[in-house]
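Protein chains in written order, with the working numbering: chain A, 1 to 634; chain B, 1 to 491.
The hints are simulated quantities; they were obtained by calculation from the structure and are not laboratory data. Note that CB positions come from ideal geometry on N, CA and C, so glycine has one too. Among the hints, erroneous ones may be present.
[Unchecked claim] Chain B stretches covered by chain A per the calculated footprint, using a threshold of three residues with CB under 8 Å from any CB of chain A: (1) 113-120; (2) 293-303; (3) 419-432; (4) 471-478.
[As the list claims (entries may be wrong)] Using 16 Å as the maximum straight-line C-alpha spacing, the simulated EDC-like pairs for lysine to aspartate or glutamate come out as follows: (5) B/K116 with B/D34; (6) B/K372 with B/D478; (7) A/K536 with A/E443; (8) A/K31 with B/D450; (9) B/K372 with A/E163; (10) B/K441 with A/E163; (11) B/K435 with A/E163; (12) A/K76 with B/D478; (13) A/K31 with A/E163; (14) B/K372 with A/D114.
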Amino acid sequence: MFTKDPILLACTVTVVLPFLSFLTIICYTRKWERVSCSISIGAILTSLLCAVYLFVATRHFTEPLQYRLPWVISGKTIIPFGFLVDHLSMLMLVIVAVIASLVQIYSLGYMAGDPGFSRYYACQSLFAWAMMTMTVAPSMIQFYIFWELVGLASYLLIGFYYEKWSASQAGKKAFVVTRIGDVGMFIGLVILLLYYGNLSIVDVNSAAVAKQIPVPLITISAILIFCGVIGKSAQFPLLTWLPDAMEGPTPVSALLHSATMVAAGVYMFARLFPFFAGSEQALQFALLIGTITMVLSSTMAMVARDIKQVWAYSTVSQLGYMVMALGAGGYFAGMFHLTTHAGFKALLFLCSGVFIHHYHTNDFFVMSRQGARNLKVPMVCMTIGALALSGVFPFSGFFSKESIMVALAHHPNKIWLAAGLFGEVLTAYYTFRLIFVMLFPKEIEDHGHHEEEHHEGESILYWLMGWPLIILASVTCVLGFFEKQFEHYLFADFILAHGMEHGAEAAQAGGHWLTITAIVLVLIGVAVAWLEYGRKGASQEGFLSRMPAIEKLFANRWYMDHFYRWALDMIIYSGFTNIFTRNDRRVIDGGIDGLCRGTEGSGRIASFLQSNMVQYNIFVMVAILGFVALSFLG
Amino acid sequence: MISMEMASFPFLTVLLLTNLVALLVIMFIPPERDKLIKKVSLFFAGITVVISLYLYVTYDTSKGGLQFVERYLWVKSLGIYYFVGADGINLPMLLLTSVVLFTGVLTMWELENRVKEFFAFMYLLVIGVYGVFMSFDLFFIFVWYDVALFPMYPLIVIWGSTRKEYGGMKLTLYLLAGSALILPAILYLWTKSGLNTFDLLALHRAGFTKHVQIIAFVMLYLGFGILAGVWPFHTWSPVGHVAAPTAVSMIHAGVLMKLGAYGILRVGMFLCPQGLQYWAQLMALLATIGIVYGAFIGLAQNDLKYVVGYSSVSHMGIVGLGLATMSVGGINGAVFQMFSHGVMTALFFSSIGYIYDKTHTKMINELGGLSKIMPVASAFFIIAALCGVGVPCLSSFWAEILVFIAAVKTYPVRGILAICGIVITSLFMLRVVMKTFYGPKNEKFAHIPDVSLFLASPRIILAGILLLFGLFPRLILDVIQSAVIPFVGGF
Numbered sequence: 001m002f003t004k005d006p007i008l009l010a011c012t013v014t015v016v017l018p019f020l021s022f023l024t025i026i027c028y029t030r031k032w033e034r035v036s037c038s039i040s041i042g043a044i045l046t047s048l049l050c051a052v053y054l055f056v057a058t059r060h061f062t063e064p065l066q067y068r069l070p071w072v073i074s075g076k077t078i079i080p081f082g083f084l085v086d087h088l089s090m091l092m093l094v095i096v097a098v099i100a101s102l103v104q105i106y107s108l109g110y111m112a113g114d115p116g117f118s119r120y121y122a123c124q125s126l127f128a129w130a131m132m133t134m135t136v137a138p139s140m141i142q143f144y145i146f147w148e149l150v151g152l153a154s155y156l157l158i159g160f161y162y163e164k165w166s167a168s169q170a171g172k173k174a175f176v177v178t179r180i181g182d183v184g185m186f187i188g189l190v191i192l193l194l195y196y197g198n199l200s201i202v203d204v205n206s207a208a209v210a211k212q213i214p215v216p217l218i219t220i221s222a223i224l225i226f227c228g229v230i231g232k233s234a235q236f237p238l239l240t241w242l243p244d245a246m247e248g249p250t251p252v253s254a255l256l257h258s259a260t261m262v263a264a265g266v267y268m269f270a271r272l273f274p275f276f277a278g279s280e281q282a283l284q285f286a287l288l289i290g291t292i293t294m295v296l297s298s299t300m301a302m303v304a305r306d307i308k309q310v311w312a313y314s315t316v317s318q319l320g321y322m323v324m325a326l327g328a329g330g331y332f333a334g335m336f337h338l339t340t341h342a343g344f345k346a347l348l349f350l351c352s353g354v355f356i357h358h359y360h361t362n363d364f365f366v367m368s369r370q371g372a373r374n375l376k377v378p379m380v381c382m383t384i385g386a387l388a389l390s391g392v393f394p395f396s397g398f399f400s401k402e403s404i405m406v407a408l409a410h411h412p413n414k415i416w417l418a419a420g421l422f423g424e425v426l427t428a429y430y431t432f433r434l435i436f437v438m439l440f441p442k443e444i445e446d447h448g449h450h451e452e453e454h455h456e457g458e459s460i461l462y463w464l465m466g467w468p469l470i471i472l473a474s475v476t477c478v479l480g481f482f483e484k485q486f487e488h489y490l491f492a493d494f495i496l497a498h499g500m501e502h503g504a505e506a507a508q509a510g511g512h513w514l515t516i517t518a519i520v521l522v523l524i525g526v527a528v529a530w531l532e533y534g535r536k537g538a539s540q541e542g543f544l545s546r547m548p549a550i551e552k553l554f555a556n557r558w559y560m561d562h563f564y565r566w567a568l569d570m571i572i573y574s575g576f577t578n579i580f581t582r583n584d585r586r587v588i589d590g591g592i593d594g595l596c597r598g599t600e601g602s603g604r605i606a607s608f609l610q611s612n613m614v615q616y617n618i619f620v621m622v623a624i625l626g627f628v629a630l631s632f633l634g
Numbered sequence: 001m002i003s004m005e006m007a008s009f010p011f012l013t014v015l016l017l018t019n020l021v022a023l024l025v026i027m028f029i030p031p032e033r034d035k036l037i038k039k040v041s042l043f044f045a046g047i048t049v050v051i052s053l054y055l056y057v058t059y060d061t062s063k064g065g066l067q068f069v070e071r072y073l074w075v076k077s078l079g080i081y082y083f084v085g086a087d088g089i090n091l092p093m094l095l096l097t098s099v100v101l102f103t104g105v106l107t108m109w110e111l112e113n114r115v116k117e118f119f120a121f122m123y124l125l126v127i128g129v130y131g132v133f134m135s136f137d138l139f140f141i142f143v144w145y146d147v148a149l150f151p152m153y154p155l156i157v158i159w160g161s162t163r164k165e166y167g168g169m170k171l172t173l174y175l176l177a178g179s180a181l182i183l184p185a186i187l188y189l190w191t192k193s194g195l196n197t198f199d200l201l202a203l204h205r206a207g208f209t210k211h212v213q214i215i216a217f218v219m220l221y222l223g224f225g226i227l228a229g230v231w232p233f234h235t236w237s238p239v240g241h242v243a244a245p246t247a248v249s250m251i252h253a254g255v256l257m258k259l260g261a262y263g264i265l266r267v268g269m270f271l272c273p274q275g276l277q278y279w280a281q282l283m284a285l286l287a288t289i290g291i292v293y294g295a296f297i298g299l300a301q302n303d304l305k306y307v308v309g310y311s312s313v314s315h316m317g318i319v320g321l322g323l324a325t326m327s328v329g330g331i332n333g334a335v336f337q338m339f340s341h342g343v344m345t346a347l348f349f350s351s352i353g354y355i356y357d358k359t360h361t362k363m364i365n366e367l368g369g370l371s372k373i374m375p376v377a378s379a380f381f382i383i384a385a386l387c388g389v390g391v392p393c394l395s396s397f398w399a400e401i402l403v404f405i406a407a408v409k410t411y412p413v414r415g416i417l418a419i420c421g422i423v424i425t426s427l428f429m430l431r432v433v434m435k436t437f438y439g440p441k442n443e444k445f446a447h448i449p450d451v452s453l454f455l456a457s458p459r460i461i462l463a464g465i466l467l468l469f470g471l472f473p474r475l476i477l478d479v480i481q482s483a484v485i486p487f488v489g490g491f
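Chain A with its partners taken away, still in its complex shape:
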C-alpha cells in the first residue's frame, strides 16, 4: 500500500477510493444525504485528479507497465489483481473519470430531494469503481469480473426507481440480456485459458497466440468473446435492453450511454484488438454485426417521440459505428469515436435531463410546445451535441466519423462503406428532426407561471446542472482538432501483432472525395429534416408517416422485443420450466410417493394375515405350513 512508486500509488487511489465511498455510504451515511454526496463526489474527483496525473505521467511510455498480485491461486490457475498502465487504458480511465465526475455533480441538481439520494450516490460510486478497475485490468479474468460488476451497478441504477414496475423490469432485462452475452464471453475466455494457459491482456495480444493456437480456435474464441461486446454494447441481436434502460434517472442514462456500460464493450474490443485481428472471420463477423446494429437502430430513432429514446437509439447506432470501425481494422477510428461520442452523448443526455426535469415529460413534441427553447443554455448545448452527433464540421463527431469512413473505405469490400455513408444520412435526419421540433414548435402553450413558481431554488439547481453542460459542450467543440495528437498518443505503444497498419497514411488513401460525400450526405439528412420539421408551416410529420407499415415496424423496434417475449414464454416458461416442474411433481415425486403408498398398501395386505380372529390365524398357519411341507416334498 505505502509504495514509493507514484504511478502504483495513483492507480491504487483511483481504484480504491470510489469503492470505499460506496461501502461508507451503504454502511454508515445513508441517513445523511449531504455527507453521502460529498463523500462520493470527493472520491470521484480525487480519482479524476489521479487519473489525469497518470495520463500525464505516462504519456511518453512506450511499453505497457504492469502491476499484479495473485488474487486467487488454485492449482495451476492464477488469477491476478492489478493494473495495466498503457496509453489505451489511461485514455479510457480519464474519459470515465471525467464523465463520472460531471454526471455526479450534475446529479446534485437533478436528484435533489429524491428519497433515494444516498443510495443513488452509493450506486454511482460502485459504478465508477467497477468501471475504472475494469479499465486498468491487466488480465482478462479481472476484466471479466469488473465487467460483471459494471453490469450489476447498471442493474441497480436502471432499476433505481424500483417502485415502478417498468423500472425494475428494465433493470432485470438489462442484467439478464447482457448476461447472455457474458456467458459467451466467459466460455470464450475459458477456451483461451485452456489452450493458451494465460489470460494476461498483454500476452493475449502478443503474436505468440497465433503460433500456439490454430486459427479456427482463435476464431471461435474471438467470436465468443465478441458475444460479450454484443451484450454490453447493445449490438444486434441483444440491443433491446438499452432503450428500456431509459427507466433510470437521466444522469444515469448519460453515464451508461457515454463512457461506461456500453462503451465497455467497445473498449474490450479495442483492448483485445490485436487478438481479434488474428482472425479475419472474427473481424468480418464484428463488421456485420456493427452494420446491422447501426442501420436498425437508426431506423428506430427516426420514429421515436421520447427524447431519451432518440438518444438511446442514436447511442446504439454510434456503437455500431465503433464496432464497424474496429471490425474494418480501424483501431484508432473506433477509439477516437468512442472518445468524442462519450463527450457529446453525455452532453445530449444531460441537456435532455434539464428539459425533463423542467417540463416533467419525455415527449419532445410536448416539451417544444411548452417552450423548451427558452431554456437557453441546455438548448444551445444540445444543438452543439446534435451537430457533433450528425457529424458536422467543426464539431468533434465530424472528425471521428470521418476517420471511421476512411477505415471503412480501406476495407476491400465497399458495401460496408456504403452502409456507413447511408447511416450518416439517417443520423443527420433523426438528430435534426428532434432539434428542429424543439427549436420551432408548431404552437406554443403559455407556461409563464411555471417559471415563477419555484424560481429561487430552481436557479441554483439550474446552474448546478448547467456547468457540466458548458464544459462538455466546449470539449465537443474543440476535441476534433486534436485528432493528430490523439492518434500519435494511441499508437505510441501499440504493437500490431498481425501486420495490419491503418495509420495516418491511410487517411490520405481515402482522398478528399470521401469527406465531401460525407458532408453532402449529412446536409441531405439535415435538409430533409428541415423540410419536414423546421421550415415555417412544416407539417412536423415525417415521410415515414405516409408508410404506416414501415413506421409501425420501426416504432416497434422491428418486433424484436415481441419476438424475445414470445421466445421466453414459449421456450423457457411454457417449455422447459413447465416440463421440468411437471416432471418433478409427477414423475420424481409421484414415483416416490407411489413407492411409499405401495409399501403402505402391501403392509396393509400383510396385516390381514394377523387379524384377531383365532380361526383365521390358525387357517393361515396351516396353509403356510402346508406350503412349506409341499416345498420339502417337492
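Could you slot chain B onto chain A? The hints should help.
For chain B alone, coordinates are given in the frame of chain A:
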C-alpha cells in the same frame, strides 16, 4: 502421504463437548425461562465460533495435512478409533457450522413456542454435524451422521409450517434410505480391507481392488448424494426447506446438505479413487442436469422458500460438478462452493424468516414493494440473491468460476451447459427479487417496522462473510488448497 500432527490441546473434542454441554445445560433450565435459554444457546454458539475461528486461523497451511489430531482406540476387536483431526477441507466446514449455528440462534430470538425443546434439538443436530466433519473414523462418521439426521424430524414436525408432516416424513425417509446405502458400503469396505479397522487413513492405504471400489463408490455416492441434493434424489430438499422453521432451514440447507457432499468427498472419493474414475462421467452428468433443472424449476415457484430450495439444488449441482472433475481447481471450487452456498442459503433463510414472521406469508404474489417498507431487511435478501446469481466480489462467484474452468476442461459439453445455466439462475433470482421487493408498496404491510440492528445482526454477519471471502478469496482458498493438492495426488 498425508502428514499428521497431534494436538497439543484437544480443541476438536472441546468443540464437540461444548455443544454437548450446551445441550445438557439447556435441559436443566426450566422451560419458562426462555430468555435465559436463548442467551445460553447464544453463549455456547459463540464459543464454538471462537474455537473454530481459532482453529481456522492457526491451521498451518504451509505444512498442510491433518492437524489438531486426537486418536484413541475405542473398540479394539472392531478397530474403532476415536479419531478427529482438521485439514483444509473440513476446517471451512467447521467454521461454516459454527457461523450458521450462531446466526441461527440469533435468527430464532423471537421464538415463543417450546423454546427449550427447540434449542435442545438444535444442539443435538449440530453435535452430529460437527462429529461428521471432524471424524476420520468411518464408524464415527456413520454414527454422527445418523445423530444429525434424527432431530430433523421433530424440528420440522413441531415447529414447521406448510405441509410439515409430509415434508418431515419425506425428508426423514429419504435420508434414512441414504444411510441404508452408506452402512453396507462402509461394512463392505471394512470386510474387504481385511485390516480390521475403521480408520479412514488406514483404509485409504488398503488398496482396494477396482471392482470393490466401483461397488462401494456408487453406494456411497448415492447414499451421501441424497443428502447433497443430487438430481434426481433432490425432491426431499425443497419440501423439507419449506416445511422447516427458519433456523432449521438455515442449518439444513446451509450445513446438512454440505454433509452429503463432504461425505462423497471424504469417504467416497478418498477411499475409492478408481471407483470415482469409473463413475465420474455419471456424476458430472447428474450434476449438470441438477444445475440446469433446478434453475428452470426455480423459475416457476411462487413460494420464497421453494425458490431457495430449488436454487440449492442448482448450486449443489455446481459442487457435484466440481467434485466430478477430479482436478485441484474443480475440487477447490467445490469445497469453496460448499462453504459459500452454506453462508448464502443461511442468509436467504434468515431473511425469509424475518419476512415471514412479519407478513405471515412467503408467497411471492402476495408480497411486493417490500424494499420500500423494510429497506434493510430486503437488502440482505437481495445480497444473497446476487450471490446466488454469481456476482463477482461475493464468494460464490469464485467457487463457480473455478468449477466452470475445471469442468470445461474435463467435460466440455457439460461444462458449457452448466455455464449457460447461470443465465437461467440470474433470471429466476432477479424475478424473485423484483416481485418481492420492487414495485409499488403493498399497503397491507405498510405498518411493519424495518428490522432492528440486533435482529439484523445475523444477516450482517453472513453478508459480511460473503463479501469478505468474495474480496479476498485467498483467505479460504489457500486453506482449502493445502488439503486438496495432496488429496488429488492420491488419485
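To see whether the hints hold, each was checked on the structure:
1. 113-120: violated (count 0)
2. 293-303: Since 5 is at least three, the answer is holds.
3. 419-432: Contact hint for the region 419-432 of chain B vs chain A: holds, 9 residues under 8 Å.
4. 471-478: holds (count 4)
5. B/K116 with B/D34: With Cα atoms ~7 Å apart, B/K116 and B/D34 stay inside 16 Å; holds.
6. B/K372 with B/D478: Given pair B/K372, B/D478 is violated - Cα atoms ~41 Å apart, limit 16 Å.
7. A/K536 with A/E443: Satisfied, since the Cα-Cα distance of roughly 11 Å is no more than 16 Å.
8. A/K31 with B/D450: Roughly 14 Å between the alpha carbons, so the hint for A/K31 and B/D450 holds.
9. B/K372 with A/E163: holds (8 Å)
10. B/K441 with A/E163: Given that 16 Å is the threshold and the Cα spacing comes to 7 Å, the pair holds.
11. B/K435 with A/E163: holds (11 Å)
12. A/K76 with B/D478: holds (13 Å)
13. A/K31 with A/E163: violated (20 Å)
14. B/K372 with A/D114: holds (14 Å)
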